[in-house]
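From first to last, the protein sequence lines stand for chains A and B. All residue numbers for the first sequence refer to numbering that gives the first Met the number 0, where the first residue is 0 and numbers rise by one. All residue numbers for the second sequence refer to numbering that gives the first Met the number 0, where the first residue is 0 and numbers rise by one.
Be a bit skeptical, because a hint or two may be false.
[Unchecked claim] According to the in silico footprint, chain B covers these stretches of chain A (three or more CB under 8 Å from chain B): (1) 2–13; (2) 112–126.
[Stated by the list, open to error] Here are a few chain B residues that sit away from chain A, every Cβ distance over 12 Å (derived from the structure): (3) 3; (4) 14; (5) 107.
The hints are simulated quantities; they were obtained by calculation from the structure and are not laboratory data. Where is the CB? At the ideal position from N, CA and C, for every residue including glycine.
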Amino acid sequence: MRVTVVDYKAGNLASVEKALRALGAEVSVTERAEDIDQAQRIVLPGVGHFRATARLDASGMKLALMRAMARGVPLLGICVGMQWLYEGSTEAPDVAGVGWFRGRVTRFPAGGEKVPHVGWNELEIASATPLMRGVGSGEHAYFTHGWRAPVSEDAAAVTEYMGAFASASQRGRVCGVQFHPEKSGATGLRILRNFLEMDGC
Amino acid sequence: MLTRRVIACLDVRDGRVVKGVQFVDLVDAGDPAELARRHAEAGADEIVLLDITATHEGRGTLVDAVRRAAEQIFVPFTVGGGIRTLEDAAAVFAAGADKVSLNSAALAEPELIGRIGAEYGAQAVVVAIDARRGATGADPVLGARVYTHGGRRDAGRTVMEWAREAEERGAGEILLTSMDADGTRAGFDCELTAAVSGAASIPVIASGGAGSVEHFAEVFTAGRADAALAASIFHFGVASARELKAQLAGRGVAVRYPC
């Protein structure tokens, strides 16, 4: 199974690559739109600031990713990569997301629990999706983020932290996870395997 | 609910684990990569590998051990010991670490926190603070001081002040080790942990003094710790992080269990 991992200089890709390889995937890393146009399956990782996604625009990769999504290429956005699939984020209001999922990403409220939200939290399955197949409500995943996506009709799983947010989303073959499946033990590997086994176009 | 993390720490010297969470069947401490894998499989929420040779003798971190360990563990993986520059951190990240832990280097050059954070994200930077309660002064907790070089050298600042600065400079987490409690197995310094955790909005990992399951329950409640680091839990009657967490769950502490 070939997977193209998109490098837009938003953090460390080594963990994502290793997890995919451990599952038997043949991983190539790219920062070129041409490679995305040829991709059969795409992972868009990302940690840190939403602003980093502006590099996708500048490099032409944003348009290539939108073309891939329109073609029905399975795509998995992780953390900021997931957030980018929404319309935008209050973290960088002048940088647009792609709007595949409805709604904007906002910061957790101040004055309650600690922000960022760091650690293992529970997934509650919101709808039956290929991405979350075999994952039960109450299983844990590893999170580290200060902004989160709203719960909408695209939510595949929701998580509670000062209210509910979308911890996984899927519409068509486009998926997003706010947690780090590559760091979420057996549950995370199951989700990555589901993504690798998802029907392609 | 967000759970409290139980973190397995492997102290590595010259490429071998010299002190760690020694399970019954792992009496020979041995290879860091193999032990990291075993601990992750045994339910640890996170793995920390500390190269304890690094600061003392100027060794680099064990990039090869990190690489081999990272191949096999799919929980967060932190590496510390001897990381002094962005380049040191980059080598460890490229080998598969998710976070680096900075101690004396961050004190000597606080800009390093932000520099690594700008490149890899704040979540990837843990600032480790070795603390001793103040010997004098009205409040030994608020007056607790930062130490370096394995607790031998006073860094000239208070723990509260340094924790605040580390957060402001972009640290993602604080690993707070009580040098008073370390090695005593008499319990974590819950008062100190609670003071730092209460002042910080980033997670605080408690370290030093664990001797029983009850100590973990205490540091997660009274100590307000977001995570606790375990070394040698074999010595107090549980065989694994999984069993420790089962007992914590039984006491009403939110943990990732089953795991």
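Going through the hints against the structure:
Coverage of the stretch 2–13 of chain A by chain B holds. Counting CB-CB distances below 8 Å, 4 residues qualify, and the rule asks for three or more. Restraint check on the stretch 112–126 of chain A versus chain B: 10 residues with Cβ-Cβ distances below 8 Å, three needed, restraint holds. Listed as a non-interface residue, residue 3/B fails to keep its Cβ farther than 12 Å from every Cβ of chain A; the least gap is roughly 8 Å. No beta-carbon of chain A comes within 12 Å of the beta-carbon of residue 14/B; the shortest separation is about 21 Å.
Consistency note on residue 107/B: stated as away from chain A, and its beta-carbon is indeed over 12 Å from all of that chain's, at 24 Å minimum.
Against the hints set out earlier in the document, a violation occurs for number 3 only.
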